[in-house]
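Visitor: Listed below are the residues making up each chain.
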Amino acid sequence: MKKFLIPLVLFGVLVLFLAVGLKRDPHEIPSPLINKAAPDFSLQTLTGTAPFSPQDLKGKVWMLNVWATWCVSCREEHPVLVAFSKQIGVPIVGLSYKEIQPQDDPEKKLSTEALLKLARSRGSVWLERHGNPYTLSVMDLDGRVGIDYGVYGVPETYIIDKNGVIRYKQIGPVTPQTLSETIIPIIKGLENS
Amino acid sequence: MSPLFLIQKLKINGVQNFLWASVLLLLALGTCSTSSLAKEAEPLASDEVVEARLVHIAEELRCLVCQNESLSSSRADLAEDLRAQVREQIIKGKTDQEIKDYLVERYGDFVLYRPAVKPMTWLLWFGPFACLLIALGVLLIAIKRRNEKIQVKEFTSDQSHDVGQWVHMQEQKADQFINATETHTKKLKD
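Chains as they are written, first to last, in our numbering: chain A, 1 to 193; chain B, 1001 to 1190.
The shape of chain A in the complex, shown without the other chains (with noise of 0.2 Å):
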């Protein structure tokens, strides 16, 4: 009698485990880099001021946005993040991820000066249209820094610490929801300490 219970609650098992399954976002890979320290890199800003490092902003809590003009969903978070810059205090440095796209340039004609003043003009471009939430950005053109920090798809938004640890990633564009839910109680959690 109470045997026929057993395949029973196993079977009720399995569901209950393909149910978490199935709410879950295959896409969302979570990253090994939480709570390890941001990775370290100099790069050409998009202004043309002097080089930026995450050693600059030690100390601060902040966020880095990697974008770009081709990205469709940067367009879609873009106003959430203009919004949040001008609300909140902290830096947030864009990464300019791989501006230039194979397409862009399929002989490889171009010099990295020149590929680099492209990428300028386009993204001041699309800043100036759509309106810059950022601190300042800087100019990943061969997509290196984008990959010591794990990135694999546009937009991604990490939290920095004061030490320079990263504390948070999100995949995919930030929303209003995400930013009232997780960012800013992150933000304000790490502020405080």
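Hints are all accurate, no fakes.
Simulated restraints on C-beta separations:
1. L1124/B with D105/A: 42 to 48 Å
2. T1095/B with K162/A: 35 to 41 Å
3. P39/A with I1091/B: 19 to 25 Å
4. N1147/B with P30/A: 46 to 52 Å
5. G189/A with E1088/B: 35 to 41 Å
With the C-beta cut set under 8 Å, the calculated list includes, among others, these residues of chain B facing chain A:
6. L1064
7. V1065
8. Q1067
9. L1078
10. D1081
11. V1104
12. Y1107
13. G1108
14. F1110
Okay, derived cross-link-like pairs now, DSSO-like style, lysine-lysine, Cα gap no bigger than 30 Å in a straight line:
15. K1092/B with K36/A
16. K86/A with K60/A
17. K109/A with K1092/B
18. K108/A with K1094/B
19. K23/A with K188/A
20. K2/A with K1149/B
21. K3/A with K1149/B
22. K1144/B with K3/A
23. K36/A with K1118/B
24. K1173/B with K1186/B
25. K1118/B with K169/A
26. K23/A with K1118/B
27. K2/A with K1144/B
28. K36/A with K58/A
29. K1118/B with K1094/B
30. K1092/B with K108/A
31. K1100/B with K169/A
32. K1094/B with K36/A
33. K36/A with K1100/B
Quick caveat, the hints were computed from the structure, so don't treat them as lab data.
No residue lacks a Cβ here, since even glycine has one placed at the ideal position from N, Cα and C.
Based on these hints, arrange chain B on the given structure of chain A.
Guide: Same frame as chain A, now just chain B:
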């Protein structure tokens, strides 16, 4: 010096001269072809080694954009960039393990098609075998219990009970018959 020119100069008269000329011609052709091949083959060969290793490593890695494709077969931009990274590291002389570690550091265990065996992945690696063992155990116990039931049945089944009763009844009948015949013969004697 052209081999043909050599032959002309030697003025082939006899078989011996002809043979010498052929040997010279073969030598000249031989050195010609190997030297011209060597110039092209060398960079090609080292590239092939790198590419073969690249494919070997990339087949074990997952493309993060199109998740059911390996890094070697994916045409996503990121896969191309990552292949370039792997190629660069092969040329630098890194081992396969070092290259895989480099990617795991950035993208997590998810990039590995063959996850490392560690406490976190024990269930994944050994779970199926554990299930198999449990199933075997359950099967053995079930068979043992069934056999026990069959043996018990042989001793206490209704059928054997019936047989006993039937035998008992026949014995009683036989006794009655014997008694009856005995009383009958007694009556006859009297």
